Amino acid sequence: MNKTVIKVLYWATTGLIALGNLFGAYAYTSQSPQVLEGLALLGYPAYVALILGPAKGLSALALLYPKFPRLKEWAYAGITFNVLGAGLSHLFTKDPNFATPFIFLALVAVSYITWRKLEAEKA
Numbered sequence: 001m002n003k004t005v006i007k008v009l010y011w012a013t014t015g016l017i018a019l020g021n022l023f024g025a026y027a028y029t030s031q032s033p034q035v036l037e038g039l040a041l042l043g044y045p046a047y048v049a050l051i052l053g054p055a056k057g058l059s060a061l062a063l064l065y066p067k068f069p070r071l072k073e074w075a076y077a078g079i080t081f082n083v084l085g086a087g088l089s090h091l092f093t094k095d096p097n098f099a100t101p102f103i104f105l106a107l108v109a110v111s112y113i114t115w116r117k118l119e120a121e122k123a
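Heads up: the sequence shown at position 60 corresponds to 60 in the numbering used here, and the numbers run straight through without jumps.
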């Protein structure tokens, strides 16, 4: 795959992930009614929003800031655990929208794989 295509895929997927996580950070930290209702339907207490909100915001910043690659690795791992947990929670509670987190997980995978390719080309 050509380097330009890899860069476009990387920035497109990473931008969507960062935007989604920044929006999620705001919604969770402000404890929006939709977030609290969604957590309650999945069986989670409301305070989980106050844990996940800042984590989502920090992960978005870590993805966008290129200076610390190890921090970016950890952000990818955290996002993966969060999204995988969300997808499984929706699946186990028979939520018909269970596929959405798995689609987001595919974006995370493409972002990570393309980032690793770009990093390998630097070395």
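Since the hints were derived computationally from the structure, they do not count as laboratory data.
Note that the structure is predicted; figures quoted are calculated from it, not measured.
Incorrect hints may have been included.
[What the hints assert, rightly or not] DSS-like mimics (lysine-lysine), calculated; alpha carbons at most 25 Å apart, straight line: (1) K7 / K117; (2) K7 / K94; (3) K3 / K122; (4) K3 / K67; (5) K7 / K122; (6) K117 / K72; (7) K67 / K117; (8) K3 / K94; (9) K72 / K122.
Structure-based check of each hint:
| no. | hint | in the structure |
| --- | --- | --- |
| 1 | K7 / K117 | holds, 9 Å |
| 2 | K7 / K94 | violated, 37 Å |
| 3 | K3 / K122 | holds, 12 Å |
| 4 | K3 / K67 | holds, 21 Å |
| 5 | K7 / K122 | holds, 13 Å |
| 6 | K117 / K72 | holds, 14 Å |
| 7 | K67 / K117 | holds, 17 Å |
| 8 | K3 / K94 | violated, 41 Å |
| 9 | K72 / K122 | holds, 16 Å |
Of the numbered hints stated above, those contradicted by the structure are hints 2, 8, listed in ascending order.
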